[in-house]
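Number of protein chains: 2
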Amino acid sequence: MLSIDYANCLAERVGVHGIDPDALAPGSEAVEGLAALTRKLRTTRGKGWERWRDLHIDPMRSEHLGAIKPLVERLRGRFDNMVVLGIGGSALGNIALQSALNPPTHNLLPADKRSGPRMFVVDNVDPMHFGAVLDYVQAVDPKLERTLFNVISKSGETAETAAQFMVIRDLLRKHGRKGGGEGGHVVAVTDPAKGTMRQICNAEGYPTLPVPDGVGGRFSVLSPVGLFSAAMCGIDIDGLLDGAASMDEPTSREDMTTNPAAMIAFLLVELAQRKGKVNHVMMPYSNHLYLLADWFRQLWAESLGKRQSLSGEEVFAGFTPIKALGTTDQHSQVQLYREGPNDKVFCLLEVESMPDADVTIPRGLGVEAIAYLEGKSMLGLLNAEKRATEYALLESQRPNFTIRFPKIDAFHVGQFIFLWEMVTAYAGLMLNIDAYDQPAVELGKQATFGLMGRAGYEKHLRAVEAALAPTARVIKS
Amino acid sequence: MLSIDYANCLAERVGVHGIDPDALAPGSEAVEGLAALTRKLRTTRGKGWERWRDLHIDPMRSEHLGAIKPLVERLRGRFDNMVVLGIGGSALGNIALQSALNPPTHNLLPADKRSGPRMFVVDNVDPMHFGAVLDYVQAVDPKLERTLFNVISKSGETAETAAQFMVIRDLLRKHGRKGGGEGGHVVAVTDPAKGTMRQICNAEGYPTLPVPDGVGGRFSVLSPVGLFSAAMCGIDIDGLLDGAASMDEPTSREDMTTNPAAMIAFLLVELAQRKGKVNHVMMPYSNHLYLLADWFRQLWAESLGKRQSLSGEEVFAGFTPIKALGTTDQHSQVQLYREGPNDKVFCLLEVESMPDADVTIPRGLGVEAIAYLEGKSMLGLLNAEKRATEYALLESQRPNFTIRFPKIDAFHVGQFIFLWEMVTAYAGLMLNIDAYDQPAVELGKQATFGLMGRAGYEKHLRAVEAALAPTARVIKS
Numbered sequence: 384m385l386s387i388d389y390a391n392c393l394a395e396r397v398g399v400h401g402i403d404p405d406a407l408a409p410g411s412e413a414v415e416g417l418a419a420l421t422r423k424l425r426t427t428r429g430k431g432w433e434r435w436r437d438l439h440i441d442p443m444r445s446e447h448l449g450a451i452k453p454l455v456e457r458l459r460g461r462f463d464n465m466v467v468l469g470i471g472g473s474a475l476g477n478i479a480l481q482s483a484l485n486p487p488t489h490n491l492l493p494a495d496k497r498s499g500p501r502m503f504v505v506d507n508v509d510p511m512h513f514g515a516v517l518d519y520v521q522a523v524d525p526k527l528e529r530t531l532f533n534v535i536s537k538s539g540e541t542a543e544t545a546a547q548f549m550v551i552r553d554l555l556r557k558h559g560r561k562g563g564g565e566g567g568h569v570v571a572v573t574d575p576a577k578g579t580m581r582q583i584c585n586a587e588g589y590p591t592l593p594v595p596d597g598v599g600g601r602f603s604v605l606s607p608v609g610l611f612s613a614a615m616c617g618i619d620i621d622g623l624l625d626g627a628a629s630m631d632e633p634t635s636r637e638d639m640t641t642n643p644a645a646m647i648a649f650l651l652v653e654l655a656q657r658k659g660k661v662n663h664v665m666m667p668y669s670n671h672l673y674l675l676a677d678w679f680r681q682l683w684a685e686s687l688g689k690r691q692s693l694s695g696e697e698v699f700a701g702f703t704p705i706k707a708l709g710t711t712d713q714h715s716q717v718q719l720y721r722e723g724p725n726d727k728v729f730c731l732l733e734v735e736s737m738p739d740a741d742v743t744i745p746r747g748l749g750v751e752a753i754a755y756l757e758g759k760s761m762l763g764l765l766n767a768e769k770r771a772t773e774y775a776l777l778e779s780q781r782p783n784f785t786i787r788f789p790k791i792d793a794f795h796v797g798q799f800i801f802l803w804e805m806v807t808a809y810a811g812l813m814l815n816i817d818a819y820d821q822p823a824v825e826l827g828k829q830a831t832f833g834l835m836g837r838a839g840y841e842k843h844l845r846a847v848e849a850a851l852a853p854t855a856r857v858i859k860s
Numbered sequence: 384m385l386s387i388d389y390a391n392c393l394a395e396r397v398g399v400h401g402i403d404p405d406a407l408a409p410g411s412e413a414v415e416g417l418a419a420l421t422r423k424l425r426t427t428r429g430k431g432w433e434r435w436r437d438l439h440i441d442p443m444r445s446e447h448l449g450a451i452k453p454l455v456e457r458l459r460g461r462f463d464n465m466v467v468l469g470i471g472g473s474a475l476g477n478i479a480l481q482s483a484l485n486p487p488t489h490n491l492l493p494a495d496k497r498s499g500p501r502m503f504v505v506d507n508v509d510p511m512h513f514g515a516v517l518d519y520v521q522a523v524d525p526k527l528e529r530t531l532f533n534v535i536s537k538s539g540e541t542a543e544t545a546a547q548f549m550v551i552r553d554l555l556r557k558h559g560r561k562g563g564g565e566g567g568h569v570v571a572v573t574d575p576a577k578g579t580m581r582q583i584c585n586a587e588g589y590p591t592l593p594v595p596d597g598v599g600g601r602f603s604v605l606s607p608v609g610l611f612s613a614a615m616c617g618i619d620i621d622g623l624l625d626g627a628a629s630m631d632e633p634t635s636r637e638d639m640t641t642n643p644a645a646m647i648a649f650l651l652v653e654l655a656q657r658k659g660k661v662n663h664v665m666m667p668y669s670n671h672l673y674l675l676a677d678w679f680r681q682l683w684a685e686s687l688g689k690r691q692s693l694s695g696e697e698v699f700a701g702f703t704p705i706k707a708l709g710t711t712d713q714h715s716q717v718q719l720y721r722e723g724p725n726d727k728v729f730c731l732l733e734v735e736s737m738p739d740a741d742v743t744i745p746r747g748l749g750v751e752a753i754a755y756l757e758g759k760s761m762l763g764l765l766n767a768e769k770r771a772t773e774y775a776l777l778e779s780q781r782p783n784f785t786i787r788f789p790k791i792d793a794f795h796v797g798q799f800i801f802l803w804e805m806v807t808a809y810a811g812l813m814l815n816i817d818a819y820d821q822p823a824v825e826l827g828k829q830a831t832f833g834l835m836g837r838a839g840y841e842k843h844l845r846a847v848e849a850a851l852a853p854t855a856r857v858i859k860s
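Residue numbers (the working numbering), protein chains in the order written: chain W, 384 to 860; chain D, 384 to 860.
It is possible that part of the hints are untrue.
As the list claims (entries may be wrong) - No farther apart than 25 Å at their CA atoms in a straight line, the calculated lysine to any residue pairs in the SDA-like style are these:
| no. | chain 1 | residue 1 | chain 2 | residue 2 |
| --- | --- | --- | --- | --- |
| 1 | D | K452 | D | G588 |
| 2 | D | K828 | W | P724 |
| 3 | D | K790 | W | S860 |
| 4 | D | K557 | W | G763 |
| 5 | W | K561 | D | A752 |
| 6 | D | K430 | D | G416 |
| 7 | W | K423 | W | E697 |
| 8 | W | K828 | D | D741 |
| 9 | W | K859 | D | A394 |
| 10 | D | K496 | W | A494 |
| 11 | D | K557 | D | V516 |
| 12 | D | K828 | D | S692 |
| 13 | W | K557 | D | D741 |
| 14 | W | K557 | D | S760 |
| 15 | W | K859 | D | P738 |
| 16 | D | K759 | W | D518 |
| 17 | W | K658 | D | A855 |
| 18 | W | K859 | D | S386 |
| 19 | D | K561 | D | P590 |
| 20 | D | K658 | W | E697 |
| 21 | D | K828 | W | Q780 |
| 22 | D | K759 | W | Y840 |
| 23 | W | K828 | W | A576 |
| 24 | D | K842 | W | E395 |
| 25 | W | K706 | D | K706 |
| 26 | D | K706 | W | N725 |
| 27 | W | K828 | W | K842 |
| 28 | W | K526 | W | R461 |
| 29 | W | K526 | W | R560 |
| 30 | D | K452 | D | C616 |
| 31 | W | K759 | D | E841 |
| 32 | W | K658 | W | T641 |
| 33 | D | K577 | W | R746 |
| 34 | W | K706 | D | F699 |
| 35 | D | K790 | W | L851 |
| 36 | D | K828 | W | A754 |
| 37 | W | K496 | D | V516 |
Unchecked claim - Simulated coverage check for chain W against chain D, where a stretch passes if three residues somewhere in it have a Cβ under 8 Å from a Cβ of chain D:
| no. | region |
| --- | --- |
| 38 | 633–644 |
| 39 | 760–766 |
| 40 | 810–824 |
Simulated from the structure, these hints should not be mistaken for laboratory data.
Heads up, the beta-carbon is just placed ideally off N, CA and C, and yes, glycines get one too.
Required output: the full structure, derived from the provided sequences and hints.
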């Protein structure tokens, strides 16, 4: 099980920049308040946009696994390449799972040494990037016989994914490949009933998996959105859901001092509101866990970054999530983290053991200044650096806490995901905002439609052109 | 040439969150002040830690190219794999150049389709990550006949690089490979005269390239630190230096309204100090340019994040650099960027053309809701999204500016690098801090020594153990 060590957020350790421990005493306002939120969360479970809380239990769990596993079984061995087309919540979870649970060399390894096809998640419409991926798959698979495209879009109207999809549909046709039916090359994860992508899937006969109702993009990684591509690459998707399930009871405890989600939400909201720590740095001491921080960035930013409270006040709520990597960023960011503005809380991720992977630093070089490293474990060095950074942050009164992984596996990654989703739910209640909408994303979409000439958006085109009329405020170097 | 469009930082566009245009009028306090700083910078060029300003001119330019090119020529064709061992300034530039100027599929491509060896930059001591890279190179090159290790460390005492080096030295010996001499497998970039790595190189006979005196890690990418591995992978290192050289005169202009470095420094410092925009987001609309943002993160954080001013006051100066990727992060961060706290300035990077790489979105799907995309350019879509985001940010009064690349090549990347180094120099002067030290990094290093049992650091070990003594503030889920 993950453990959470939050001693370094308290005033005992970081002085005026920390939380008064009395706030955590039985009967305190905070403890009573969080208990009330826990009771409130009990009543909203599975309703509205909180269906994500049930992804790891039946009936959704069985439905999803029952659809994913036979499909993966049927496709097994047929593909060397899998290109995932999606963006935001339809990509970040997929990337995070793959990088957490498969080696960084996955795509480089020969077929018999990797679990499943090479995986490329193309979550942008940069033609240099997309083109390079398509060039590569066609270089190794000239007729696209052994390449699968996994299109992920609930509506099918997200411009980026729609554009990518149009390119690969055309490409498959040029190569004489089918999208759907027996021997098809497309699997879509989309709305089971309605929308543009549903309409396309019906017309083209693609096999589909559902983006479940009531599960928003950023809460969808443990649905077919994230699980299908993970299962294709040999990731233990039962383990992910077991991990999430095991985090269900702890994050429902009324006593916040034993509830990891309530505690983290309390620390982060309290430190922001009372101590000005509005930037939240997630710093894994593990390359494998690094891109979980990108998944967290979306969850945290999009859920809590809200102009209006539920009662209509203008609040400009939200915290800025920042990803960093230990030890790497000790040599890049820690100077700022210790001596710059004291406006951050650091969530450090530590891995206690790396079975079969640890490396002993060899003896024999015999150079005095670095002889202390000889014979030591590399994981020991990594974790010593983490501990040293904790200490250095404390010396500068910078609050931080640690989430400790016993090891990196599907179970603990599933725990981590569900934990942060629950932290987000608690934080949304504390901030009194709607954690499940994203109203500010619309205007940019409409402006893009206008700029791209979509009928009905002429007004938006004119607005963009007026707002961004050329000026002389340009320096041509 | 790069151009800088800063209209969206002015009050005309973002109201009270922007800069009063009078501040930029001839004779204003700001304009006069920046001109004085330009004159001051003229006097410090090439002195102390400002030797980086001369890397693109002789004699350093010729010395470095004269050492790098024959070495690269001698090694050409001998290696399939190059593993770069370094951290911080000895890695971030290397990663940025490679990802900006070679395709993302570089390591996957067959030898005849890529320029130079596969490149792995291992900038951490995560044994799962390092082990996976070493396993891979040994899988494809079982006797390490065709693998080169490029060790980058000025002192040789950075614990991470020292540990990695000890591992690969031992590995080479086990495989019967030489490090130095004819047929050797190690190239070191290190201090030309002194230090632990110099001592090792002398003993082992490794070929070396210099980390020049007076060039700090985060300013070293255009020295052999960054140029050797780039040249090995076919990157046009003359082009990089030509780009830097071409940015020299513009960033020395006394009139800040024509000096891109002075202008950017002014905007960022002024918006932070007067308008509370202390978080600086770099958001390239290009996957290739994305990791330049990591290079920028170090430059900006480590140079400006300082507790004390040069006159000894406690200032806790500095800004928090944040990397984001367009369009990808529109679906992750823009909700927060528009509706969260108005505490950021956005530096958007735009690429005007991608010769030979652009993709036309095919016609023929015929689905009404997305038909507007048919026949359009994918780069056009990418840049429309960027423009739409600019507009959406303005609607929320969020200041932003754009650095425009005519295209992505070595010349413009070199321009970008030198531009931001000069921005940093100006910003350091404006903040009255030492942009070239990193005092806060020391404590963590000493604590690591203590924890790892290095003689002489027992005091630090005791201090860490006292500060981090176990408490009951742990939640075991």
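Hint-by-hint comparison with the structure:
1. With a CA separation close to 19 Å, the supplied pair K452/D and G588/D stays within the 25 Å bound.
2. Our distance criterion of 25 Å between C-alpha atoms is met by K828/D and P724/W, whose separation comes to about 22 Å.
3. Of the supplied pair hints, the one linking K790/D and S860/W holds, its CA atoms being roughly 15 Å apart against a limit of 25 Å.
4. With a C-alpha separation of about 24 Å, the suggested pairing of K557/D with G763/W holds against the 25 Å cut-off.
5. A distance of roughly 23 Å separates the Cα atoms of K561/W and A752/D; the hinted pair therefore holds under the 25 Å criterion.
6. For the given pair, K430/D sits about 22 Å from G416/D by alpha-carbon distance, which is consistent with the 25 Å threshold.
7. A distance of roughly 24 Å separates the Cα atoms of K423/W and E697/W; the hinted pair therefore holds under the 25 Å criterion.
8. Restraint check for K828/W and D741/D: satisfied, since their Cα atoms lie roughly 22 Å apart, inside the 25 Å limit.
9. Proposed proximity of K859/W and A394/D is supported: the alpha carbons are some 22 Å apart, at most 25 Å.
10. For the given pair, K496/D sits about 21 Å from A494/W by alpha-carbon distance, which is consistent with the 25 Å threshold.
11. Taken as a hint, the K557/D and V516/D pair is honoured in the structure, with Cα atoms around 17 Å apart against an allowance of 25 Å.
12. Restraint check for K828/D and S692/D: the C-alpha separation of about 23 Å stays at or below 25 Å, so the hint holds.
13. Restraint check for K557/W and D741/D: satisfied, since their Cα atoms lie roughly 18 Å apart, inside the 25 Å limit.
14. Between K557/W and S760/D the alpha-carbon distance is near 19 Å, which keeps this suggested pair within the 25 Å criterion.
15. Restraint check: the Cα-Cα separation between K859/W and P738/D comes to about 21 Å, which is no more than 25 Å; the hinted pair holds.
16. Proposed proximity of K759/D and D518/W is supported: the alpha carbons are some 20 Å apart, at most 25 Å.
17. With a C-alpha separation of about 23 Å, the suggested pairing of K658/W with A855/D holds against the 25 Å cut-off.
18. A C-alpha spacing of about 4 Å is found between K859/W and S386/D, which places the hinted pair at or below 25 Å, so the restraint holds.
19. Using a Cα cut-off of 25 Å, the hinted pair K561/D and P590/D holds, with the two alpha carbons roughly 12 Å apart.
20. This hinted pair checks out: K658/D and E697/W have alpha carbons roughly 19 Å apart, not beyond 25 Å.
21. Taking the CA atoms of K828/D and Q780/W, the gap is about 18 Å. The hint holds against a cut of 25 Å.
22. With a C-alpha separation of about 17 Å, the suggested pair K759/D and Y840/W falls inside the 25 Å cut-off, and the hint holds.
23. Among the hinted pairs, K828/W with A576/W is consistent with the structure: their alpha-carbon atoms are about 24 Å apart, no more than 25 Å.
24. Between K842/D and E395/W, the direct Cα distance comes to roughly 22 Å. Compliance with the 25 Å bound is thereby established for this hinted pair.
25. Proposed proximity of K706/W and K706/D is supported: the alpha carbons are some 9 Å apart, at most 25 Å.
26. With a C-alpha separation of about 20 Å, the suggested pair K706/D and N725/W falls inside the 25 Å cut-off, and the hint holds.
27. Pair hint K828/W plus K842/W holds up; C-alpha atoms about 13 Å apart against a cutoff of 25 Å.
28. Simply put, K526/W and R461/W have alpha-carbon atoms about 14 Å apart, close enough for the 25 Å limit, and the pair holds.
29. Distance hint between K526/W and R560/W is fulfilled; the C-alpha atoms sit about 8 Å from each other, no more than 25 Å.
30. With a C-alpha separation of about 12 Å, the suggested pairing of K452/D with C616/D holds against the 25 Å cut-off.
31. A C-alpha spacing of about 17 Å is found between K759/W and E841/D, which places the hinted pair at or below 25 Å, so the restraint holds.
32. Proximity of K658/W to T641/W is assessed by CA-CA distance (about 24 Å); at most 25 Å being required, the pair is judged to hold.
33. Distance hint between K577/D and R746/W is fulfilled; the C-alpha atoms sit about 23 Å from each other, no more than 25 Å.
34. The hinted pair formed by K706/W and F699/D meets the criterion: a straight-line CA distance of about 21 Å does not exceed 25 Å.
35. Distance check on the hinted pair: K790/D and L851/W sit about 22 Å apart at the alpha-carbon level, within 25 Å; holds.
36. Proposed proximity of K828/D and A754/W is supported: the alpha carbons are some 15 Å apart, at most 25 Å.
37. Annotation: proposed proximity of K496/W to V516/D holds, straight-line Cα distance about 14 Å (limit 25 Å).
38. Check on the region 633–644 of chain W: 6 of its residues sit with their Cβ under 8 Å from a Cβ of chain D, so the three-residue criterion for coverage holds.
39. Three residues within the 8 Å Cβ limit are the bar, and the region 760–766 of chain W against chain D gives 6, so the coverage statement holds.
40. Evaluation of the coverage hint for the region 810–824 of chain W: fulfilled, as 4 residues show C-beta separations to chain D shorter than 8 Å, against a requirement of three.
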